[in-house]
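Using the sequences provided together with the hints, build the complete structure.
Sequence lines, in order, name chains V and U. Position 95, counted from 1, in the first sequence is what this note's numbering calls 95; the numbers after and before it change by one each time, with no gaps. Position 114, counted from 1, in the second sequence is what this note's numbering calls 114; the numbers after and before it change by one each time, with no gaps.
Fair warning: there could be bad hints in the mix.
Stated by the list, open to error - Subject to a maximum C-alpha distance of 20 Å in a straight line, what follows is the list of computed PhoX-like cross-link-like pairs (lysine-lysine):
1. Lys304(U) - Lys52(U)
2. Lys190(U) - Lys2(U)
3. Lys29(U) - Lys2(U)
4. Lys121(U) - Lys132(U)
5. Lys243(U) - Lys28(V)
6. Lys37(V) - Lys271(U)
Unchecked claim - Some but not every residue of chain U turned toward chain V, in silico, with C-beta under 10 Å:
7. Asp42
8. Val139
9. Ala146
10. Lys243
11. Leu251
12. Lys254
13. Gly354
14. Val358
Read the hints as simulated data drawn from the structure, not as lab findings. If you're wondering where the values come from, they're calculated on a predicted model, not measured in any experiment. Beta carbons: idealized from backbone N, C-alpha and C, even for Gly.
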Amino acid sequence: MKKLVDLARVIRSKNAGPYELTLDMIFKNNEIYSKVKENKLINAEKIAEIYKIDKDLIKGIVYFDPAYAVKVTMKRELASGAYGDSDIYGAQQHAPLLKLEFDI
Amino acid sequence: MKDEFIVLSPTAILGYGFPEESFYRGLEKNPDLIAVDGGSTDPGPHYLGAGKSFTDRIGVKRDLRYMITEGVKRGIPVVVGTSGGCGAKPHLDWCREIVEEIAEENKLNFKLGLIYSDIDKETVRTAFKAGKISSLDYVPELTEEAIDASKNIVAQIGVEPMIDALDRGCQVILAGRAYDPACFAALPIKEGYDEGLATHMGKILECAAIASTPGSGSDCVLGFLGEDYFRLETLSDERRFTKESTAAHTLYEKSDPYHLVGPGGSLNLEKCEFIEHDNKGVTVKGSVFEKAEKYTVKLEASRKIGYRTISIAGTRDSILIGQIDSVLKKVKIRVDDLLKKESMNGKVHFHVYGKNGVMGSLEPETDLISHEVCIIIDVLAPEQSMADTICSMTRSTLLHYGYDGRISTAGNLAFPFSPSDIKAGEVYNFSLYHIMEIDNQDLFKIEVKDI
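Pasting the structure below:
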């Protein structure tokens, strides 16, 4: 098993507008990225599992070849800045990904 | 048309600053345009609704002083997008005042263009009734009530009003809310360069050196737009654009990196290529602009939902931390009871750092393992004085609450500040984040002033 933190050089979250959260995982090289992409190691089930959320909250997963990156977009439970929101910029919602491991 | 159109982007957001050396090094390349993005919705709904900038006046004035004095002296147009942080009229006026001060202090004369992107409620209501407004994913359906309650409705304008202002001879342009790439793309598109490449280059330049590596929010970069490519160069030796940094930036803050939707069309990057050079540059090819059948703009607005008062406190007591959820629940019930009896309106929310303060309900970790916990009492009420009262009540209830097994009887909380309660003022929610079809660009008023 290999840890995502050892395979990726960027793991981040950010708002994509006030109503969506987007997670970016940028892999260290094309070789690692291609393996992840071919085996669809980042998929909606996996993300739903580690975030303990309903799969339906995940809007989409896009593999972006030019950056060796995978992007996951999900619904923000609360719009940015709504009463009770805890992360206006959405920049600190990536932590569950740091624990992710793959059989690669 | 010259072989290459050169754009100097001094900083990621107007007011974030840049090194003087980078800026002058950029000017040595004789840029055709100096452009900067002045804002974002990222800092949340307050600033748009309250008509205030999230950027600092002194920082904004300092950046603009360099841009305008050098731009006017050398005959280089200066274009600012989303002036004043959110680009509504109060933000644009705030920015205009700064520009007028700079002009007076430095004895500069120029033609200033102001582009208002505010949309009046009647226009929005008419479009709504005509079915010309649609919701983006996860955004609540629009209602007339939401339109009425909104303050400062703005549209993200495209390049067209900026081209109009440039055609009228404006040397400095302050635009209201604008699509981030527009201030960089307007002049080259006007001069006949490809719209797809100009927009994609603008998309990267709007964050300036953030797209290079190591990234920085406060450094200058240059974009060179050719007939069928654009390339990017940093202006300080410590950073460079790489294939990865540039491609990775295309992902930033977007849900679909292959199709970036903007005013009047979208950028298709399916065939886009990123080519790296040894000497700190990257060339990009293949970005295509696809015109939409109907011209649409994104509307943004906020509505006031009340006033906030907060109190920040910590606890180091393991007996309390072990039952923090149930204690806070009971405190809330007691406060809600008091509110009901006193006929007061308000809400109490606890942000509990050390438990799920950062991720809230999205936090998957259920075990609380911190030896200390920070609690922010977050009160929202229709009036400031009521928010103050409810916060005070909640604070004192929690401070002296007799939870099970309590042996520390002097007080449950450690306050870092006196006064312990902080008035946080007006609270806003985003009320509009919708797509509106428009028939023409006359909605956006342009004012030309001789300074």
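- Which hint numbers does the structure go against, in order from smallest to largest? The structure breaks hints 9 and 13; every other hint is satisfied.
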